[in-house]
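Colleague: The residues making up each chain are set out below.
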Amino acid sequence: MTTTGVDTNVSTVPAHTGSRGSRALGAICLVLIAALLIFALWVTPPEVSQRDAVRLFYIHVPSAIVSFYIAFTITLIGSILYLAKQSVFWDLMAGASAEIGVVFLGFTLVTGMLWGRPTWGTYWQWDPRLTSTAVSFVLYLGYLAVRRLDMDPALRSRRAAILGIVSFANLIIVRYSVSWWRSLHQGTTLDPVDTQMDGVMLFTFFLGTITMILVFFWLLIHRFRVAWLEHQLAEVGLEAAIQERRSEGNASDASSDGKTR
Amino acid sequence: MEWVSRVLTTQVLPFGLLVLILFGFGISPDLQVRGSEDRSVLEQVAPGLFWLAVLFSALLAIGRSFAIEAVDGNLDALRLAGLEPAGIFLGKGAATLVELFVLELIVGVGAFLFYGSPLANPLLLITTVVLATVGIAAAGTLYAALAAGLRVRDTLVPLLLLPVLAPVLLAATLATEAALFGPASDGWPWLYALGAFAILYVGAGILAFGSLLEES
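Protein chains in written order, with this note's numbering: chain C, 1 to 261; chain W, 1 to 216.
These aren't lab readings, by the way, just hints derived from the structure by calculation.
For glycine and all other residues, C-beta sits at the position ideal for the given N, C-alpha and C.
Hints are supplied without guarantee of correctness; some may be wrong.
[As the list claims (entries may be wrong)] If you want the ones that stay clear, here's a sample from chain C, every Cβ over 12 Å from chain W, calculated:
#1 Cys29
#2 Ile77
#3 Trp115
#4 Tyr140
#5 Asp150
#6 Leu171
#7 Arg182
#8 Ile221
#9 His222
#10 Arg223
#11 Leu229
[To be verified] Distance ranges between label pairs, derived from CB positions:
#12 W:Ala77 to C:Lys85: 25 to 33 Å
#13 W:Gly26 to C:Arg148: 27 to 35 Å
#14 C:Val110 to W:Ala81: 50 to 58 Å
#15 W:Thr10 to C:Leu141: 55 to 63 Å
#16 C:Ile242 to W:Ala77: 42 to 50 Å
#17 W:Tyr192 to C:Thr73: 23 to 31 Å
#18 C:Ile172 to W:Arg153: 21 to 29 Å
#19 W:Phe56 to C:Val226: 35 to 43 Å
#20 W:Ser211 to C:Arg23: 34 to 42 Å
#21 W:Asp76 to C:Val236: 26 to 34 Å
#22 C:Val43 to W:Ala184: 20 to 28 Å
#23 W:Leu80 to C:Leu141: 53 to 61 Å
#24 W:Ala184 to C:Ser179: 22 to 30 Å
Starting from the given sequences, assemble the full structure and let the hints guide the process.
Modeller: Below you can see the structure in the form of structure tokens.
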């Protein structure tokens, strides 16, 4: 009896995380990525001083924009809304967004270092952006570590939400303090945004930004749906366990009734 | 309780001094700053080493401040006694603050002895230490509460807290550099950063402590 009850619960949950909307978005992403590759690698010319290394910027800067301005902002909003409304939706959304944001941030760091080698001559320069990005990366790894703690889910969600809010404030403090620190020590740093870009380069940069944003949302939809299914599964599992205990109780009641008779 | 076990005096303080000595091994004491024969590299970087030693020792002191409460459900007892969460936060923070001041005094004297730094502006140094320590104690208490009652607390608190305190390390080191070697005008702007950090974290702790304690 109990197993059939559980089975019907499970069958109402889809076995995959795709939907018509997300598939359409995924298809658009694939087309945009192909277009971006063509524009970034063939159509745009090499830059005067950075030569071919400039091509990294078409993915490096957009991924930084996505993680700082979109992913961690969604985590902040999700954390605030979770504390205000106790909604599981926003808790899972905050976590999913932070996870993908950290991936994009890691990607930003790697592409930044690959760019630094031919341009600066070293992988790592104590450039304010690079340094504050590295600290932010560790900051959000800590947030993800709290989300994975083995403890009561409701308590964990609340602690993660508080951390999600405080981490965003930290992000701002780290960025300002590091750039202030470096600007006092060395006159100017090489600012990628100052790079001279002509029309087709600017267009490619714009294309890269749009592509990264859409890829982010495509990943977010799927990561969120996985988290949502996990959440549902945990609840179903709990219900099944309760049912099982109940049926055990009933069975033992019945047998003891039999004995007394 | 804390006085009886004397963990601070017998373990945390010696640890701080040990870190200072180990830095001396890591950076050879014979290494001279290029272009000046009379100043060693160790002396030059003493402000940063002092704050690093303080941060690492502070991690131990902060972990300790919640470990002693978690044992017998003391936090629940404090709540049951009718104390406001903000009051508990300020109390824990103040206790940590005092411990850190003691720590900084000892480690600071050690740094002067081991690294032989000059001191151009004592007032700037004292202000820096006070503001930075308020920030460290407030952020430390908040993050220790976040990880309170967990088995992984000892590894989680450093991971969460050190990136948060990175700006304090930066600002305090630069202000201390100015206080030791001068000119003092280089140091004062960093005090605004330290002050802002301290205010932010005391405020965040007062606001967030209620919902952090409610649960445990």
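Colleague: For the pair alanine 184 (chain W) and serine 179 (chain C), does the Cβ-Cβ distance stay inside 22 to 30 Å?
Modeller: Once the Cβ atoms are compared, 23 Å apart, the range 22 to 30 Å for serine 179 (chain C) and alanine 184 (chain W) holds.
Colleague: Find the nearest Cβ of chain W to the Cβ of isoleucine 221 (chain C) and say whether that gap is larger than 12 Å.
Modeller: Label holds. Min Cβ-Cβ 29 Å, cutoff 12 Å.
Colleague: Is 42 to 50 Å right for how far apart the beta carbons of isoleucine 242 (chain C) and alanine 77 (chain W) are?
Modeller: 33 Å, violated
Colleague: Should the hint that valine 43 (chain C) and alanine 184 (chain W) are 20 to 28 Å apart at their CB atoms be regarded as holding?
Modeller: 56 Å, violated
Colleague: Indicate whether the distance between the beta carbons of tyrosine 192 (chain W) and threonine 73 (chain C) respects the range 23 to 31 Å.
Modeller: 27 Å, holds
Colleague: Taking the closest pair, is the beta carbon of leucine 171 (chain C) still more than 12 Å from chain W?
Modeller: Per Cβ check, leucine 171 (chain C) is inside 12 Å of chain W; nearest 10 Å; violated.
Colleague: Closest CB-CB distance from aspartate 150 (chain C) to chain W, is it above 12 Å?
Modeller: Label violated. Min Cβ-Cβ 8 Å, cutoff 12 Å.
Colleague: Hey, is cysteine 29 (chain C) genuinely clear of chain W, shortest beta carbon separation above 12 Å?
Modeller: Given a closest Cβ separation of 32 Å, the condition holds.
Colleague: Report holds if the minimum CB distance from isoleucine 77 (chain C) to chain W is greater than 12 Å, and violated otherwise.
Modeller: Holds, because the least Cβ-Cβ distance between isoleucine 77 (chain C) and chain W comes to about 17 Å, which exceeds 12 Å.
Colleague: Is it the case that tryptophan 115 (chain C) keeps its Cβ farther than 12 Å from each residue Cβ in chain W?
Modeller: 24 Å, holds
Colleague: Range hint 25 to 33 Å: satisfied by the CB atoms of alanine 77 (chain W) and lysine 85 (chain C)?
Modeller: 32 Å, holds
Colleague: Quick one: work out the minimum CB distance from tyrosine 140 (chain C) to chain W and report holds if it exceeds 12 Å, violated otherwise.
Modeller: 9 Å, violated
Going down the numbered hints, you'll see the structure goes against 4, 5, 6, 7, 15, 16, 22 and 23, while the others check out.
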